[in-house]
Amino acid sequence: MSQESFIYSFVARGTMLLAEYTEFTGNFPAIAAQCLQKLPSSNNKFTYNCDHHTFNFLVEDGYAYCVVAKESVSKQISIAFLERVKADFKKRYGGGKADTAIAKSLNKEFGPVMKEHMKYIINHAEEIVKLIKVKAQVSEVKSIMLENIDKVLYCLGVRLFLFFYPGIQSFPSAVVTLHLGLMYSPLAFLCSSLLKSSMKARGGGI
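Residue numbers (this note's numbering): 1 to 206.
I should point out that these hints are in silico values taken from the structure, not numbers from a laboratory.
It is possible that some hints are incorrect.
[Unchecked claim] Cβ-Cβ distance ranges computed for the label pairs, FRET-style:
(1) LYS38 x LYS75: 15 to 23 Å
(2) SER72 x LYS130: 17 to 25 Å
(3) GLU71 x ALA30: 16 to 24 Å
(4) GLU71 x GLU126: 15 to 23 Å
(5) ARG92 x SER41: 21 to 29 Å
Here a beta-carbon is modelled for each residue, glycine too, at the ideal position from N, C-alpha and C.
Construct the entire structure; sequences and hints are all you get.
What follows is the structure in structure tokens.
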């Protein structure tokens with residue numbers, strides 16, 4: 001990644017910019033501000049494309065973190081940058097300073113910080129991409145494990161039910177489904193708890 005991969009960044013409370021940083025000239029601050037006005041207030045991530053650039057937003061707890069990047073920069077990298085900026089911003093101003101700050105009053109303090117985060121992401125892009133892939137793989141494995149547990153628990157519930165109710169064929173299907181559901185829930189809770197304990201013991205987590 002080149003040093004020009006990230007063009008512009010800001011942090012806003014609502015629609016009020018508290019800090020921004022750029023070394024370039026252009027209309028991207030105005031476009032980013034227009035996008036900010038239209039952003040939903042719910043916590044989420046958003047990306048808009050305009051003139052071979054992406055306008056990436058991370059919205060959380062009333063604050064919006066934005067970075068404008070070249071179109072060649074992946075969304076994952078842009079979001080990784082925003083996550084770093086968000087964590088640093090909350091660490092510095094989480095005590096309430098950001099809640100009362102006026103427009104662009106944090107430029108001098110936090111502008112250079114955003115610059116450093118840009119440099120870090122650009123210089124460690126390959127490592128970050130690898131880490132993102134590993135996290136995605138771990139998440140997929142956990143999902144598969146939980147899905148398999150669900151299947152095993154269902155089969156176990158069926159077998160237990162047939163063991164305790166050998167004359168099940170004469171029961172209405174609705175009653176059978178209800179009984180299986182009642183047996184499945186505690187079994188699922190027990191196995192889920194055991195899995196979490198096992199993962200934590202190995203240094204992982206769910």
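Status of each hint after checking the structure:
Hint check: LYS38 to LYS75, Cβ distance near 19 Å, so the stated range 15 to 23 Å holds. Here the CB-CB span from SER72 to LYS130 is close to 18 Å, well matched to the stated 17 to 25 Å. Between GLU71 and ALA30 the Cβ separation comes to about 19 Å, which falls inside the hinted range of 16 to 24 Å. Evaluation of the 15 to 23 Å hint for GLU71 and GLU126 yields a pass: the beta carbon distance comes to about 19 Å.
The given range of 21 to 29 Å is respected by ARG92 and SER41, whose C-beta atoms sit roughly 23 Å from each other.
In the structure shown, no violation is registered for any of the earlier numbered hints.
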